[in-house]
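Peer 1: One letter stands for each residue in the lines below.
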Amino acid sequence: MRFMMLMLPGGYGDAAPDARPSAEAVEKMMQFNRSLQEAGVLLALDGLHPPASGARVTTVNGKVKVIDGPFAEAHEVIGGYWMIDVSSRDEAIAWASRCPLAPNETIEVRQVFEMADFPLDVQKAAEGFQDMQLSQAS
Amino acid sequence: MTATDIHRTIDAVWRIESARLIAGLARMVRDVGLAEELAQDALVVALERWPESGIPDNPGAWLMTAAKHRAIDQLRRKKLIERKHETLAHEPEFEATDERRELEAMLDDDIGDDLLRLIFTACHPVLSAEARAALTLRLLGGLTTDEIARAFLVPEPTIAQRIVRAKRTLAEKQIPFEVPRGEERNERLASVLEVIYLIFNEGYAATSGDDWMRPELCNEAMRLGRILAGLAPQEPEVLGLLALMEIQASRLRARTTPDGEPILLPDQDRSRWDPLLIRRGLAALQRIEKLGGANGPYALQAAIAAGHARARTVEQTDWTRIATLYAALARVMPSPVVELNRAVAVAMASGPEAGLALVDALADEPLLHNYHLLPSVRGDLLSRLQRHDEARSEFERAAALARNVREKNFLERRAAASASAAHSA
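Chains A and B, in that order, give the protein sequences. Just so you know, we're using UniProt numbering here: the first sequence kicks off at 1 and counts up by one. Just so you know, we're using UniProt numbering here: the second sequence kicks off at 1 and counts up by one.
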């Protein structure tokens with residue numbers, strides 16, 4: 001089963017738009033990444049620019065509203081993710097527990113939906129969903 | 001945490017740590033069987049202590065230390081015995097601390113290489129393919145004997161015995177715990193890849209049992225393939241096998257009806273194919289090309305699978321390219337089954353007549369003598385050429401040869417359809 005490990009770095013919400021992790025921090029994380037790869041569980045991983053350079057799109061009274069980052073009201077923001085393929089929720093948690101976390105960092109472990117998790121009517125409504133994901137492939 | 005939670009956590013830790021643990025220990029004691037026992041002993045200690053003490057901060061290191069201590073005790077005991085036997089008492093003072101330090105240093109360098117050694121040892125050609133598969137799942141996958149037995153649908157004692165014998169054979173034949181070099185490396189790598197693909201195929205097209213597929217075996221094989229690809233990222237055939245498995249596995253959920261009936265490739269709902277696995281497979285193929293390995297047997301098979309993965313519909317399939325890839329595969333891995341597949345691709349690209357000529361050339365091939373797909377393919381081509389009477393007899397022959405009940409039914413239906421087409425013609 002697939003799990004997303006979402007990295008929630010404390011204070012990332014206020015980070016400057018051009019904030020970048022240090023080489024030292026990246027090196028440390030790369031060791032963890034390599035251990036995931038060597039164990040054959042890593043499917044994908046990415047890091048995200050700070051929210052300060054992002055935007056939130058929402059609707060207010062049916063009208064689209066765009067809010068530029070940083071977002072004052074956001075407590076936790078995502079800094080990056082790993083997608084892993086493991087045999088249980090416990091294994092996903094055990095992996096997250098091995099991540100070299102800085103004192104203000106949190107990892108949220110969330111299972112990725114499979115089509116089979118949905119009742120048939122939802123599966124029907126989602127027809128073509130995987131096709132959309134595939135269009136990025138070629 | 002409740003006791004059950006702790007046990008589940010320990011299971012998860014074991015799953016993550018066991019291969020590295022066994023690999024490190026095997027380098028120290030030079031015996032994978034003994035290494036596994038030591039690792040198991042450490043697990044038993046953890047199961048006793050952790051429910052009381054809680055899970056240690058670094059459970060992997062904890063297990064390694066526990067196992068090391070036992071290993072060192074064992075080695076020292078063995079040495080003492082050897083010394084007694086040899087009655088050589090050159091060193092009256094046995095410097096335990098130094099030796100311990102030396103052994104620990106030895107254990108700490110390069111676990112990655114140890115894992116590779118472990119894979120090569122578990123897949124040593126001195127063992128039967130079945131034994132290699134079971135031992136690999138046990139040592140590298142961290143599966144219990146019971147889990148392996150359930151996956152292969154054989155009784156647990158059979159697997160247990162298979163593993164015990166395999167370990168004994170490795171010890172008796174004094175198989176060195178090392179990564180082979182030079183020409184031998186290529187041969188041995190082929191043996192490793194063969195085992196991983198065997199595990200995958202046992203899951204992908206189960207030869208026995210009620211289920212046509214057992215996806216958990218496919219997942220194990222992909223995990224092993226990814227481990228190997230992480231350890232040997234410059235080996236194009238390792239990437240080729242991984243790409244092949246990932247692209248094939250992308251179809252897992254489209255390959256059966258809700259009742260478990262097989263759905264053949266042309267009839268699958270392609271929107272159910274797994275895009276993440278396809279994407280990874282295609283990316284691996286690009287890397288293989290950069291490494292100059294596009295002509296390896298696994299790379300070619302992966303490229304063929306990718307040919308299907310890229311096509312949104314059967315009609316969009318580039319059959320000419322697939323036929324060319326099969327021709328290349330037949331050159332590096334000559335086999336009548338490859339030739340038969342090439343015939344199918346050629347028939348799709350250039351018409352049934354061209355395909356039939358290739359199939360007819362295989363008629364006397366002894367390896368295909370009892371292979372139901374030969375008459376099945378021939379019947380299909382004949383029926384497309386409106387030669388229904390000949391098609392009927394081919395489908396009947398194919399149905400008689402097919403061992404899978406669902407396939408047999410399908411072929412009988414096609415024979416009947418050909419018979420009625422022959423009558424109305």
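Do not take every clue at face value.
As the list claims (entries may be wrong) - Reference excerpt, derived from the structure (chain A facing chain B, CB under 10 Å, subset only): (1) 5; (2) 24; (3) 25; (4) 26; (5) 27; (6) 28; (7) 34; (8) 41; (9) 42; (10) 44; (11) 46; (12) 49; (13) 50; (14) 93; (15) 95; (16) 111.
As the list claims (entries may be wrong) - Computed Cβ-Cβ distance ranges for the label pairs, DEER-style: (17) A:53 to B:335: 51 to 59 Å; (18) B:361 to A:33: 50 to 58 Å; (19) B:260 to A:63: 19 to 27 Å; (20) A:113 to B:155: 34 to 42 Å; (21) A:127 to B:128: 17 to 25 Å.
What the hints assert, rightly or not - If you only want the chain B side, here are some residues facing chain A, beta carbon under 8 Å, derived: (22) 6; (23) 9; (24) 13; (25) 224; (26) 231; (27) 235; (28) 348.
Since the hints were derived computationally from the structure, they do not count as laboratory data. Values in this document were obtained by computation on a predicted structure and should not be read as measured data. Even for Gly, the Cβ is constructed at its ideal location relative to N, Cα and C.
Peer 1: Does the CB of residue 41 of chain A sit less than 10 Å away from some CB of chain B?
Peer 2: Interface hint status for residue 41 of chain A: holds (7 Å vs cutoff 10 Å).
Peer 1: Should the interface hint for residue 27 of chain A be scored as holding, given a Cβ-Cβ cut-off of 10 Å against chain B?
Peer 2: Check failed: Cβ of residue 27 of chain A comes no nearer than 17 Å to chain B, outside 10 Å.
Peer 1: Would you settle whether the hint for residue 42 of chain A is holds or violated, based on the nearest Cβ-Cβ distance to chain B being less than 10 Å?
Peer 2: Nearest chain B Cβ about 7 Å off; hint holds.
Peer 1: Checking hints one by one. Is residue 24 of chain A an interface residue toward chain B, by the C-beta closer than 10 Å rule?
Peer 2: This hint is violated: residue 24 of chain A lies away from chain B, its Cβ roughly 20 Å from the closest one there, beyond 10 Å.
Peer 1: May I ask you to test the interface hint for residue 13 of chain B with respect to chain A, counting a Cβ-Cβ separation under 8 Å as satisfied?
Peer 2: holds (6 Å)
Peer 1: Taking the closest Cβ pair, is residue 93 of chain A under 10 Å from chain B?
Peer 2: holds (7 Å)
Peer 1: Close enough to count: is the Cβ of residue 231 of chain B nearer than 8 Å to one in chain A?
Peer 2: holds (7 Å)
Peer 1: Any CB of chain B closer than 10 Å to the CB of residue 5 of chain A?
Peer 2: violated (14 Å)
Peer 1: Given residue 224 of chain B as an interface hint, is its Cβ closer than 8 Å to any Cβ of chain A?
Peer 2: holds (6 Å)
Peer 1: Using the nearest Cβ pair, does residue 111 of chain A come within less than 10 Å of chain B?
Peer 2: It is violated, given that the least Cβ distance between residue 111 of chain A and chain B is near 15 Å, above 10 Å.
Peer 1: Would you check whether residue 9 of chain B satisfies its interface hint, that is, whether its CB is within less than 8 Å of any CB in chain A?
Peer 2: At 6 Å from the nearest chain A Cβ, residue 9 of chain B passes the 8 Å test, so the hint holds.
Peer 1: Hold the hint about residue 44 of chain A up to the distance rule: shortest CB distance to chain B must be less than 10 Å.
Peer 2: Status holds, d = 7 Å.
Of the numbered hints listed earlier, those contradicted by the structure are 1, 2, 3, 4, 5, 6, 11, 12, 13, 16, 19, 21, 22, 27, 28.
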